[in-house]
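Please model the complete structure; the sequences and the hints are all you need to start from.
Chains A and B are the protein sequences, given in the same order. By my numbering, the letter at position 16 of the first sequence is numbered 16, and the numbering carries on one by one without gaps. By my numbering, the letter at position 309 of the second sequence is numbered 668, and the numbering carries on one by one without gaps.
Since the hints were made in silico from the structure, they are not lab data. Glycine is no exception: its CB is placed at the ideal position from the N, C-alpha and C atoms. Don't take every hint at face value.
Cross-link-like lysine to aspartate or glutamate pairs, in silico, EDC-like; alpha carbons within 16 Å at most [what the hints assert, rightly or not]:
1) B:K432 <-> B:E506
2) A:K349 <-> A:D63
3) A:K327 <-> A:D63
4) A:K101 <-> B:E506
5) B:K709 <-> B:D759
6) B:K518 <-> A:E250
7) B:K721 <-> B:D755
8) B:K629 <-> A:D63
9) B:K662 <-> B:D675
Part of the chain B face toward chain A, derived, beta carbon under 10 Å [as the list claims (entries may be wrong)]:
10) I367
11) S381
12) S383
13) S544
14) C550
15) K732
16) S736
17) A739
18) D743
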Amino acid sequence: MKQLALFFGVFVAHTLVALPRNLVESTKSGTIINIIYVAIIAILISYLIYKLIKNFSGSDIIDISEYLGGKVFKTIIGIIFISYFSISSGILLRNFCECLKIVYYPMTSLVFIILAFIVTLYIVLKFNFSSISKVNLIIIPLVLISIVFLFVANLENFSISNMFPIFGDGLFDTFVTGLGNISAFGGIALLYFLPPYLQEPQKTKKVFLLSMLFGAIYLLLCVSIILFMLIFLMYTNEILPLYSAARYIEFGTFFQRLESIFLLIWILQVCCYLAIITKISISILKKVTNCKYEKPIILLFTLLIFAISFLPKNYAISKFIESSVNKYLSIGITIFLGLIILILANFKKRVKNKIERIS
Amino acid sequence: MKKFLKNIFIVILIIFFLIAFSSSYKSLSIDNLAIVVAMGIDISDNNAFKISFQFTTPSSVSESGTSEKAPSKIYSVDASSISSGINLMNSYVGKEINLSHCKLIAFSEEVAVKGISKEIYTLINDTQVRPSTNIVITKCSADYYLENSKPLFENLLTKYYEVFSNSSQFTGYSSNATIGNFFNSLICHSCQPYAILGGVTTADDENKSTSSSNESNQSTNAEKDSSAISNASPLSNISNSENIGLAVFNDDVLVGELNSIETLSFLIIKNNLDGFLISVPNPSKTNSYMDLYLTPVNSVQTKVEIVNGSPYITIDCNFTGRIYSMENDSEYLDPKLLEQISDSCNSYLKSVLTDYLYKTSKNLQADINGFGKLAHSHFATTSDFDNYKWNEKYKDAFFDVNVNSSIKSSFLLTES
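Written out as structure tokens, the structure is:
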């Protein structure tokens with residue numbers, strides 16, 4: 001459960017900012033079919049990762065790259081993954097805080113809002129990974145409940161006909177160009193680092209496949225809310241699309257403005273996401289540099305995320321990085337690089353085994 | 360020593376964040392805000408718009424515990440846009456105008472015919488404006504409408520603005536129209552926006568309706584009931600705002616209005632009615648009408664097809680009903696009579712619905728029911744649908760309405 005929650009912790013955070021809207025923007029009314037299509041591919045990829053990684057039980061991608069190409073290669077791969085995690089978390093933090101500033105803290109400087117998260121991150125990182133994953137296990141059900149509630153409470157505002165034409169901008173756009181939406185499953189990156197944390201390695205396959213399956217259902221739920229309800233999001237851009245949907249929830253004249261509760265839960269989730277990603281980045285750096293103590297690295301990483309979140313000059317640039325640059329980074333690093341390393345490492349192992357058998 | 364320094368650091372950090380976030384807290388503090396409950400937008404002689412803000416002060420509670428009605432104040436300002444109007448009003452009231460409790464935004468008819476997309480986009484862009492805020496198009500000036508918006512049975516004006524549109528659920532004479540839905544329809548390529556039609560009955564209107572009603576017979580009176588509309592409704596002894604009918608838009612421009620029976624038809628097709636009262640021709644007496652209370656049996660089935668390039672829309676409605684009006688010599692246990700009443704109801708409702716649909720299609724050319732969404736499935740791609748230009752083709756639409764009502768009996772009295 002903890003491992004499943006860890007995967008969700010990373011996966012869910014991106015859906016809270018702009019991911020569902022980006023998906024709907026690229027494949028229009030064909031998004032539902034497209035998500036099912038990319039989910040099937042993501043499940044197949046995760047199965048492939050499982051098949052390839054099970055030959056290196058208890059090892060993560062860093063250990064495997066050391067096996068494949070030695071220490072230099074391990075360092076390069078480590079730096080690539082650290083950069084990817086730091087960029088995606090820094091940009092997500094920036095975009096989330098930009099939205100928070102617009103909605104709730106109009107007079108507070110963005111630096112202070114981001115700093116509040118950074119200080120929290122620094123304090124959280126003092127705890128071990130197990131504690132973080134346990135807290136994440138508490139927050140994740142709340143997030144899932146909030147999304148299911150968002151879906152159910154907005155049912156009366158849904159127009160199911162918005163899912164037609166079922167293939168959106170055409171078969172090519174849905175199935176070929178739309179293949180880029182597999183970046184939504186960027187959480188696959190976490191699968192490469194999960195094996196050392198699995199208490200029951202025999203359940204690796206179950207964890208990998210269930211993560212993807214639940215992830216697909218969750219993503220379908222998020223996209224349905226946007227597609228069925230807020231048709232204007234296909235043509236206009238609105239910050240925090242799920243927050244916009246939450247603003248429509250009203251139960252009579254008594255229960256109104258429930259979006260504040262949603263945002264509170266989502267803030268907690270973003271904190272969990274940052275903690276998980278940074279903890280994994282720290283563990284990569286420890287492996288790459290053979291560093292024994294992680295406490296001095298914590299400050300380094302929190303400052304790194306803080307700095308990255310301020311790299312974009314404005315929201316337009318950070319939004320572009322999140323929707324375009326991060327998308328291709330996610331596909332390139334998570335799917336192609338990770339899989340190539342695993343395939344080559346397996347090939348090397350097989351050749352090695354053959355040579356050993358012959359000799 | 361290390362622990363002491365750590366504690367000092369924590370205290371400094373807390374003070375630091377308290378100072379950093381206090382500015383946002385201060386700006387949202389109730390002492391610094393002027394809460395607007397409604398906003399009106401009119402054409403101004405001096406500038407582009409005359410923007411009226413309605414404020415309310417908390418109801419005063421006497422020692423005996425009885426509360427008085429909360430008085431409201433309306434201030435207007437001439438400005439080039441909504442945002443500059445808010446800015447000017449900020450400096451006048453000495454507080455920051457806050458729209459987060461604004462329950463109603465009224466545009467005068469004069470403003471609406473010129474197009475209101477810029478204003479709608481601006482309001483939607485404002486984090487304070489709720490998507491559930493009602494949008495009203497007033498047949499009089501918007502500030503006059505706000506002035507006359509006095510709750511009859513409520514103490515709080517805000518409560519009144521929140522619940523006034525609920526009557527549409529059981530009358531069908533008005534509809535809930537929010538700025539969120541208006542914006543959604545404005546951008547949508549397969550539907551058009553609509554708003555509540557508001558007005559104020561003046562003394563002259565009352566006299567007019569009284570004198571004319573004296574001259575007419577029962578059948579024309581029944582028709583009058585169903586053709587009631589804001590600013591010309593048969594309400595008497597009340598000088599208050601009224602919300603009967605709908606304002607229909609083509610894109611962002613007001614193109615027409617629907618009276619009460621047309622609004623009822625709109626709500627029937629939209630599946631947004633719990634039940635409604637309707638006067639149908641009495642089959643046993645010529646030139647006479649009888650009142651029926653109808654409830655939809657299931658949701659209205661709407662089918663859209665594209666025939667020879669034009670939309671062909673089929674609508675099937677099923678109702679169950681009871682006779683509401685009673686008179687001498689009524690025999691509402693006679694199955695034959697009940698069948699005749701059902702037939703009369705069917706043909707009447709069919710003609711009402713067909714008239715409404717052709718009005719939206721031929722006269723107003725605005726698909727406010729969103730039939731276009733149902734046509735999506737006939738197109739292979741989104742761009743095919745966009746190229747078809749549904750909103751332009753809607754004027755060529757033709758309709759087939761089937762009404763099947765089953766009148767059970769009357770209520771307590773079955774025969775007299």
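Failing hints, ascending? Hints 3, 4, 8, 10 contradicted; others consistent.
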